[in-house]
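The opening residue of the sequence shown carries number 6 in the numbering used here; numbering runs sequentially from there.
Calculated directly from the structure, the hints in this document are not laboratory data.
Keep in mind that this is a model prediction, so the values were computed, not measured.
Hints may be right or wrong, so weigh each one.
[To be verified] With beta-carbon atoms standing in for the labels, derived distance ranges:
| # | residue 1 | residue 2 | range |
| --- | --- | --- | --- |
| 1 | Gln28 | Met63 | 11 to 21 angstroms |
| 2 | Lys50 | Asp17 | 14 to 24 angstroms |
| 3 | Lys32 | Lys52 | 13 to 23 angstroms |
| 4 | Lys62 | Thr8 | 11 to 21 angstroms |
| 5 | Lys43 | Ile21 | 32 to 42 angstroms |
| 6 | Lys11 | Lys43 | 16 to 26 angstroms |
| 7 | Tyr23 | Lys43 | 18 to 28 angstroms |
| 8 | Asp17 | Tyr54 | 14 to 24 angstroms |
| 9 | Leu24 | Asn48 | 15 to 25 angstroms |
We put the beta carbon where it would ideally sit given N, CA and C, even for glycine.
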Amino acid sequence: MNTNPKILVCDDDETICYLLKEQLVDKDFAIDMVYDGKYAIENLKKKNYDFLQLNLKMHIVLAKKA
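Model the full assembly from the supplied sequences, consistent with the hints where possible.
Given below as structure tokens:
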């Protein structure tokens with residue numbers, strides 16, 4: 006069972022995501038990375054995260070309910 010703190014890194018700059026992951030994995034965090042707001046929302050619905058690293062200036066697409 007994985008008890009490492011879970012972090013979702015969401016940034017449209019993949020380089021930033023990989024740099025953050027490189028630093029955080031070494032400190033035993035479980036990292037998921039997404040590159041747009043749509044996938045961030047999908048991941049947040051599926052999993053519980055301890056922390057969300059979000060680029061606030063990134064374009065986030067909010068889905069409307071049917």
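TODO: Evaluate the given range 11 to 21 angstroms for the C-beta pair formed by Gln28 and Met63.
DONE: holds (20 angstroms)
TODO: Using the beta carbons of Lys43 and Ile21, state whether their distance is inside 32 to 42 angstroms or not.
DONE: violated (18 angstroms)
Open item on the list: Given a hint of 13 to 23 angstroms, does the C-beta separation of Lys32 and Lys52 actually sit inside it?
Closed with: holds (20 angstroms)
Task: Cβ separation of Tyr23 and Lys43, checked against the hinted range 18 to 28 angstroms - done: At 20 angstroms between Cβs, range holds.
Open item on the list: Within 16 to 26 angstroms: is that where the Cβ-Cβ distance between Lys11 and Lys43 falls?
Closed with: About 20 angstroms separates the Cβ atoms of Lys11 and Lys43, which means 16 to 26 angstroms holds.
TODO: Go ahead and decide if the range 11 to 21 angstroms is satisfied by the Cβ distance of Lys62 to Thr8.
DONE: violated (33 angstroms)
TODO: For the range 14 to 24 angstroms, tell me whether the beta carbons of Lys50 and Asp17 fit it or not.
DONE: holds (20 angstroms)
Task: Pairwise beta carbon distance, Asp17 to Tyr54, judged against the given window 14 to 24 angstroms - done: Check passed, 19 angstroms falls within 14 to 24 angstroms.
Task: Distance restraint evaluation - Leu24, Asn48, Cβ atoms, bounds 15 to 25 angstroms - done: About 20 angstroms separates the Cβ atoms of Leu24 and Asn48, which means 15 to 25 angstroms holds.
Going through the hint list in order, the structure does not satisfy hints 4, 5.
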